[in-house]
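Given only the sequences and the hints, what does the whole structure look like? Please build it.
So the sequences go chain by chain: G, E and R. Residue 91 in the working numbering sits at position 91 of the first sequence; the count goes up by one each step and never skips. To convert, count from 1 in the second sequence and add 1000; that's the working numbering. To convert, count from 1 in the third sequence and add 2000; that's the working numbering.
Worth flagging that the hints you see were computed from the coordinates, not collected in a lab. Be careful, since some hints might not be right.
Unchecked claim - On the chain G side, residues computed to face chain R include the following (Cβ under 8 Å): (1) Thr105; (2) Leu113; (3) Thr227.
Claimed, not checked - Pairwise CB distance ranges (calculated): (4) G/Arg297 with R/Leu2007: 18 to 28 Å; (5) E/Asp1143 with G/Trp148: 48 to 58 Å; (6) E/Ser1090 with G/Gln24: 48 to 58 Å.
Positions of the beta carbon are idealized from the N, C-alpha and C atoms, including for glycine.
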Amino acid sequence: MTVLRRAAVPATLLALALVPLAGQEFALDLFTRIMIFGLAALSLDFILGYGGMVSFGHAAYLGIGSYAVGISVALGLTDGFAHLALAAGGSGLAALVIGFVALRTRGTTFIMLTLAFAQMIYFLCESLNQFGGDNGLNIPTHSDFGRWLPLDDPRVLYYVTFAALAVFLLLGRRVVRSRFGLVIRAAKSNERRMAALGFPVFHYQLAAFVIAGTVCGVAGMLLANQTEFLAPAIMHWTRSGEIMMMVILGGRGTLVGPVVGAAIYLLLEQVLSGWTEHWQAVLGPILVAVVLLSRPRTRRALAQRLRRRRIAPAHA
Amino acid sequence: MPEPLLDIRGLCKRFGGLRATDDVSLTLFPGEIHAVIGPNGAGKTTLIAQIAGELAPDSGQVLLDGAEITRLSSAARAARGLVRSFQITSVFPDFSALDNVALAVQAHAGHSFRFWRPAARDPALREPARARLAEMGLAARADVPAGALSHGERRTLELAMALAAAPRALLLDEPLAGMGPEESAQMIRLLAGLKGRFGVLLVEHDMDAVFALADRVSVLEYGRVIAAGTPEEVRRDPLARAAYLGEDEAA
Amino acid sequence: MTASLALQQLLNGVQFGMTLFLMAAGLTLIFGIMNLINLAHGSLYMIGAYVAAASFNEWRSVPAALALAIAAAVAVGAAIEIGIFRALYDGDHLDQVLATFGLILFFNEAVRMIWGATALYAQVPAFLSGQISLFGAPYPLYRLVVTGVGLLVAALLYVLIGRTRLGALIRAGASNRMMVGALGVNIALLYTLVFCLGAGLAALAGAMAGPIFTVESGMGDDFLILAFVVIVIGGIGSVRGSFVAALLIGITDTMGRAYLRPLLALIVNRNAADAAGPAIASLLIYAMMAFVLFFRPAGLFPPRTR
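In structure tokens:
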């Protein structure tokens, strides 16, 4: 098992690095999308898988990152670094405000508050009529990072996204093992104990929350460049649910798991929608099955049932 | 008369009609072990919760080293050196014993906004942690997940964590709870070793331990302190005997 | 901004609140007693709307349409409760969120498969259409009926929960689940009953809401979020709390959408008011929830603690 774990990160990165060699533009597009959502899911895993903070509004940061690009371009600002600063800064700030309010609560209240704030941001962007409002807006130009990184070239965009994902993945692994990461993980395990030891848990959780939001905002910036389109639908709460799905599919508390989870989810979506237009009716039950089977109790109960069936015929 | 390390003045707490803590005052001096005893329901847990900062009193003050800490959170109090252990063991079950203590060390090693160095291999955290574990006789169990330790070992781990957190005053909430005779004897030895190093406010049921360890004893009943003094004085106090020790007359 | 117009908006707000209450009542019970976050509650609402509209279009009978809608939702509800939720009760909320999320995907697609992707036509039954004169201005009769039904259900729930043995079990379960189990009550049966009650209420809400809102795939999702806001503000597990909160939210949302823009126009220029008005109106409810939760994390009327 540990061999699998050790190999997971290099294997994933290697596989992703080799995709463009397959040549197909379609695959390039799909895997860029996978990496973007992988980055978003990874950022969620940091606070959810490691920190136990079930944020149900994570897609909002994807949206803020995208809107930072979309609005900038619409206003004539195309400099890539400005886009990056606005995307990261905007989502970081939003995470700071949301976290400040929500992290005083726990359990369901926390989940609902993060959801509520995401909805607020969603409705706010939906009302921005000069930037597409409900229908969305085309983004005619990409973020300009200079002559050497033309993001309108799909291969360049692919490798820029890959670089971002690799950097955050490796940095993330460093952070979860650091003193900071330890505080976050221990707070998930026993918060009362942490307070009794003298840790001001709120400060650390808020910092983690902001980090996660910022990274997701960067993913949002890449998303805007990839889709060339801006729509408030990107931050609908069902999107947040999808990102959470990716985290659980790939394995929470691993950072690389969610990246794999994003691949599984989006590839499933791709394959199923190729078979039938009613692919959601197939995906839904698959997700339910995954959740049920991920619980040891259900697996045991199922194993018991199967064993009984095998024994029964002998008595027949 | 030296300054009290911990000074509790007139603490009161009501829950509806019930006076859980009724004008409780007591002091803890550096280096002494002050035991708080009382029958079940006397309000010991509520009192500890207020001193530790988990429960806000209705009135009264808590002072540490002369500074008022009544409004501070439990984390803030712990940072100032008022460290507690829990009656129901509260450790990090998935982390190893060493990791548990290392966390306690980390809590008092400045802030933890450090993102780069792996904490698991940091000697600044590991060495003091190992030392604390060795002190408690748990060196051999350092790498065992805390959840897999025996009950007595976990209570000892709690104590190790409390010590690792650089305390000035220790609040120990029934450290001997649920321990068999051998483990109890071992724990009493460890606690005796604390005398002179810190001030310890010890809530306990085990009378042997109390009389073996305590420099002073306060007896709680129905939220009030009904007797206080040296163990001998309290043993002879009629009110204390009636309320608590009276049950042990036959023993 | 005449007085009668204001009254109409107020009544609309009350009606919206009553519809919300029907959703929220079941949701708060399910959440309070079974500690289950059920995102698929909106799907039960949707099923109620679809079955009611389709039945009424076919047979033109209000009792039949209601009965079928409720029966369908209760059947589906029982099926998913027994088949799926029983395995998730002691799990953490994340598992429940994700499983019910999968159910939403399934049901949204299923109704598209059965009734097509375009919205289903749902009309107000003839004898309930028309207007009634209220303080000199005409007001749709149907909306009053919906409000009336909501109030009636609220009264019935009050009796059920406050005066019957089942209600006592429900109240006990809402404040201390484990004790109820320890008392020897058949917990599994209680849970299924509560779930079906919630499903029935959601279906009723959906059936009545059909003619007012559009009957389409996904109609339950956003409404569900509002219902969650209601129960969180009201206090999870408290039907009384969700009644108050539902009214509060229904009225605030409706009045906000009606009057925020003109109010803002008094302060800022027309364009800004046109843009900001609807945005703030949508935000208002969530801002309200954040405000309430900040000061009372357990909501306005939390049932006595477990």
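If I claimed the Cβ atoms of arginine 297 of chain G and leucine 2007 of chain R lie 18 to 28 Å apart, would that claim hold in this structure?
violated (55 Å)
With a cut-off of 8 Å, does the beta carbon of threonine 105 of chain G approach a beta carbon of chain R closely enough for the hint to hold?
holds (5 Å)
Holds or violated: the 48 to 58 Å window for the beta-carbon distance between serine 1090 of chain E and glutamine 24 of chain G?
holds (55 Å)
Looking only at beta-carbon atoms, does the pair aspartate 1143 of chain E, tryptophan 148 of chain G fall within the given range of 48 to 58 Å?
For tryptophan 148 of chain G against aspartate 1143 of chain E, whose Cβ atoms are near 50 Å apart, the range 48 to 58 Å holds.
Hint leucine 113 of chain G vs chain R: min CB-CB distance below 8 Å?
holds (6 Å)
Does the closest beta carbon of chain R sit nearer than 8 Å to the beta carbon of threonine 227 of chain G?
violated (22 Å)
When held up to the earlier numbered hints, the structure conflicts with 3 and 4 and fits the remainder.
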